[in-house]
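The residues making up each chain are set out below.
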Amino acid sequence: DAGVIQSPRHEVTEMGQEVTLRCKPISGHDYLFWYRQTMMRGLELLIYFNNNVPIDDSGMPEDRFSAKMPNASFSTLKIQPSEPRDSAVYFCASSFEGPGGESYEQYFGPGTRLTVT
Amino acid sequence: GQQVMQIPQYQHVQEGEDFTTYCNSSTTLSNIQWYKQRPGGHPVFLIQLVKSGEVKKQKRLTFQFGEAKKNSSLHITATQTTDVGTYFCVGPTSGTYKYIFGTGTRLKVLA
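Quick mapping for you: the protein sequence lines, in order, are chains U and W.
Using the working numbering, the first residue of the first sequence is number 1, and each one after it goes up by one.
Using the working numbering, the first residue of the second sequence is number 1, and each one after it goes up by one.
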């Protein structure tokens with residue numbers, strides 16, 4: 001497997017524009033996570049899905065952020081409208097649950113570096 | 001809410017010296033994971049600890065889970081320049097897959 005795939009790798013946009021980040025998880029994984037990393041706030045969990053269903057979105061900063069997972073192989077994180085304070089590296093990660101409910105490691109994608117000017 | 005703190009925040013060591021980072025959670029953890037992130041890279045899984053008092057070793061790395069399952073440590077013996085990066089401990093909120101990343105310890109190794 002190619003691992004978790006994210007696109008684009010870099011995105012530069014102007015304040016007020018819509019930004020869409022994309023993620024393809026590892027095939028067979030049933031959990032998908034979106035994280036944001038900044039120097040000030042570290043790595044923050046924004047939202048996670050289980051079997052394509054959003055389970056916890058309490059980390060989503062505000063209504064400008066939305067995430068979808070229309071099928072098991074694709075997810076998007078959208079910011080509309082974008083603001084300079086959204087500048088960060090956004091990571092997507094996927095994982096799977098064992099037959100006994102045990103958790104396993106998360107596999108991270110390479111990230112999308114977003115700059116909002 | 002649940003918080004996971006790590007100390008120290010930064011550590012500079014001479015190559016060959018030992019290094020330890022400590023992780024403390026405000027709540028009891030069902031398990032704890034450790035990740036390493038190289039500069040400019042993404043977090044990469046190192047290990048998972050599940051049992052109270054568990055100790056696991058990976059070559060020069062020793063991981064420990066506290067008896068109360070609220071703290072953990074990572075010890076690197078005889079650091080090498082390849083150990084450079086930020087080390088994170090990660091714990092799930094009880095009964096969920098909502099993982100809380102620790103604040104991280106950034107390690108620099110001077111040759």
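It is worth saying that the hints were derived from the structure and are not from the lab.
Quick reminder that beta carbons are idealized off the backbone N, C-alpha and C, glycines included.
Check each hint, because a few of them may be wrong.
[Said to hold, decoys possible] In silico DSS-like cross-links for lysine-lysine, where the CA-CA straight-line distance does not exceed 27 Å:
| hint | chain 1 | residue 1 | chain 2 | residue 2 |
| --- | --- | --- | --- | --- |
| 1 | U | 78 | W | 70 |
| 2 | W | 98 | U | 24 |
| 3 | W | 36 | W | 57 |
[Stated by the list, open to error] Facing chain U, a subset of chain W residues (Cβ under 10 Å, in silico):
| hint | residue |
| --- | --- |
| 4 | 10 |
| 5 | 45 |
| 6 | 47 |
[Stated by the list, open to error] Sample of chain W residues with no beta-carbon within 12 Å of chain U, all distances over it, derived:
| hint | residue |
| --- | --- |
| 7 | 4 |
| 8 | 18 |
| 9 | 28 |
| 10 | 31 |
| 11 | 33 |
| 12 | 54 |
| 13 | 61 |
| 14 | 62 |
| 15 | 67 |
| 16 | 73 |
| 17 | 78 |
| 18 | 84 |
| 19 | 111 |
Numbered hints the structure breaks, given as an ascending list: 1, 4, 7, 10, 11
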